[in-house]
Amino acid sequence: MDFRDSSREAEFRARLRAWLVDNNPGLPPSSTDDEYWARQAEWHTALYDAGFFGLSWPERYGGHDLPAVFDVILDEELAAAGAPPRPSLGYLVQGITVHAGDAIKDRFLPGIISGRDRWCQGFSEPDAGSDLASLRTTATRDGDDFVVNGHKIWTSYSDVADWCFLLARTDLAVPKHKGLSLLAVPMGQPGVEQRPLRMINGITSEFGQVLFDGARTPVTNMIGEPGEGWRVAMTILDHEREPAELGYVARYAKTVKELEATVRADPGSFRSDQHQAVAWAHVQAEMLRLHVCRRLSERLDGVEHGPGGSVDKLLMTWVEQGVGSAALAVAGASAATDADDVALKIYLYSRAQSVMGGTSQIQKNIVATRVLGLPTA
Amino acid sequence: MDTRDTPEQAELRRSARQVARELGPATVADLDDGTRAKRLAVAVGEAGWLELRDDDVDGAPVASGVEAAIVADALGGAVADVAFTGPVLAADLARRAGVDPAAAAVVGFSPSLVEPGIVSGAETMTSLVAVDGAGHDGAVYALAPDGAGHRLVGVPIEGQPAESDGGSDLTRLLRVIPAGAPVRAVAGPARVLTADDLAAWTALGLALTSADLVGVMRGVLDVTVAYARERRQFGAPVGSFQAVQHLLAEARCLMDGSFSVALHASWAVDALEPEEALAAGRVAKAYCARAAKTVCEAAIQVHGGIGNTWECLAHVYLRRGLLSTQWFGDDGRQLRELGRERLGVGDGLP
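As you go down the protein sequences, you meet chains U and X in turn.
With positions in the first sequence counted from 1, the corresponding number in the working numbering is that position plus 44.
With positions in the second sequence counted from 1, the corresponding number in the working numbering is that position plus 35.
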């Protein structure tokens, strides 16, 4: 057991740290500002061009074939430098890697990894949230194309996406889980309309809804087999639930560092319960960092992803919301008197974590039945 | 970085859990079975686990904090009624001070259980509490100020009236040595313990009590999940109801996160500088203490009325957790220390 860097890891860390000195874009925390989302593509490209993105993904597609623990080093150094977290695309890459054929992988993965192509994920619908398999967006075969009709919502990055990773019903005659397929649909066409959603913290450029009205995509853009859509979606959601995939650890550590600096600058102006809230936020962020270290180390054994991702998602949710509450506690009255208060925005954004990627209630169902083996009702 | 067990660590984890499961109490009634407890103590002794922190060569311990924590975790998981953490901590302190580990069996703590008792003069001024100390005659270690550091001294247990036979933990007994006990020098070519020595030793104490709490969480969760599968109400196992499932799912997550943070603290004991190891121990203890309380409370709740009776094992886990939480300081204490170090805030209290 060793939490220390190997010589190869130490060399990588030093090179990354040196690069960050000159290349930190100094963006605001992602959760609080539209500017972050506006410049995220630039940050992705800069990381990729410098060789610091897609570390654990295949070289063939623009990655570096490194063990997943290198992602931890990347996240730690980004947080230490106060740089933005890496863009979270791991779940898309994993979904395509596990389920798609070589032709699809060669076509799509290099663009996703390099940041040349921007993607959004079209899963949820207004009437299909936790009950995702009841979704009603259809993709109907018409010659060499599928024609897509339906309404997707809570779609991250839909405003800037070139492609939508779309879960749609391709067979109405079979039970609901079996009639779904996964399609890559080009966003820049007349049958696709994107509308931004304003989040409770005021940002408008992360979430959107997408309306498909006769949009077309070639049948060769199917990812996996016809009817395999539910399995592809579950692979993606299992990954999406793992903090290691998301790189969010860095975001929490960065917020905690800022809270600590605020208190340290004038400790006497904060009450002891505020001191304690910040110390507890530090404990939680450290727990998650170390938990990710352990999870990624386990992958050296080839441990399968699965329902354990829901354990990690719940831990991550508690940490994000704990850090958000600490920010609110430190801000005191300014979170009530200043609508633009950063702590207020961090706190409000944190409330989404227990919903996105599957609600905490759904995660607890999964942990209870698939991890603990409790009987279903 | 590779946080996996080495093959030797994995084997130790397996065998420690096996011994604890086979010889630890399976029921509350088993706690009265002295023959079983004696066999458990013999097995722990014969495995060499009590010597893990003894001097191996040139002041280095036989095994790292990781191995010691693996055993602590296994024993906590089975609420094993055997002395382990107390003797191991005493041996570790003796090694750092360069004295014979046989000089005392355990360390005498201040009544708060947070730090070793500090004595000056010929007699103790406050009482000392020896955890894992019942049944050991001889002496406990305490610290006497010596220049910039501390010297290890002995306070005899023998001949002292015991104020209490034990605390709330039904599996690890306490021995309270009242004020006024004589203070004696300990044999051996003793060194003065520096602040770094005590920081590293405290880091070990935090790591072992955190590991014990992780074991407590795993053990009580196993017992409770099994019960939730069996116990039927409304014609179905109570574990099939979402309200019960969610309590247990939360408990499982808390246990998993605690394991990660406690593992790091146990590694930090020997791998990091004393102050860093101490900080890692404080983070682990703060998280594990809060988590263990929540997990044990959920376990009692899921057991319903049975969970509130003496014969249900759940309270044995909770009680063990309460002692491990207080030993070296609870979550509030750790957060205050972290606040001092990271935020530069002090409240003027000790």
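Just so you know, these hints were derived from the structure itself, not from any lab.
All figures in this text were calculated on a predicted structure; none of them were measured in a lab.
All C-beta atoms in this analysis are idealised placements derived from N, C-alpha and C, irrespective of residue type, glycine included.
Treat each hint with caution, since some may be false.
As the list claims (entries may be wrong) - If you want the ones that stay clear, here's a sample from chain X, every Cβ over 12 angstroms from chain U, calculated:
(1) Arg56
(2) Val149
(3) Glu150
(4) Gly156
(5) Ser162
(6) Asp257
(7) Thr259
(8) Glu372
(9) Glu376
Said to hold, decoys possible - One-sided and incomplete, this derived list gives chain X residues near chain U with beta-carbon spacing under 7 angstroms:
(10) Thr38
(11) Met160
(12) Glu193
(13) Val296
How the hints compare with the structure:
1. Listed as a non-interface residue, Arg56/X keeps its Cβ farther than 12 angstroms from every Cβ of chain U; the least gap is roughly 19 angstroms.
2. Once the 12 angstroms rule is applied to beta carbons, Val149/X is consistent with being away from chain U; the minimum gap is 17 angstroms.
3. The beta carbon of Glu150/X is kept farther than 12 angstroms from every beta carbon of chain U, the shortest such distance being approximately 20 angstroms.
4. Distance to chain U confirms Gly156/X as a non-interface residue, since its nearest Cβ pair spans about 35 angstroms, more than 12 angstroms.
5. Listed as outside the interface, Ser162/X is consistent with that label: its C-beta sits roughly 29 angstroms from the nearest C-beta of chain U, beyond the 12 angstroms cut-off.
6. Distance check on Asp257/X: its Cβ comes as close as 10 angstroms (rounded) to a Cβ of chain U, failing to clear the 12 angstroms threshold; non-interface status is violated.
7. Once the 12 angstroms rule is applied to beta carbons, Thr259/X is inconsistent with being away from chain U; the minimum gap is 10 angstroms.
8. With a closest Cβ-Cβ approach of about 9 angstroms to chain U, Glu372/X is found to fall inside the 12 angstroms limit, against its non-interface label.
9. The claim that Glu376/X is not at the interface with chain U is violated, since a C-beta of that chain comes within 12 angstroms of its own (minimum 9 angstroms).
10. For the restraint placing Thr38/X at the interface with chain U, the shortest Cβ-Cβ distance is roughly 4 angstroms, inside the 7 angstroms limit, so the hint holds.
11. A hinted interface residue such as Met160/X counts as satisfied when its beta carbon comes closer than 7 angstroms to some beta carbon of chain U; here the least separation is about 30 angstroms, so the hint is violated.
12. Nearest Cβ of chain U to the Cβ of Glu193/X: about 41 angstroms, over the 7 angstroms cut. The hint is violated.
13. For Val296/X, the suggested interface contact is upheld, since its CB lies about 5 angstroms from the closest CB of chain U, less than 7 angstroms.
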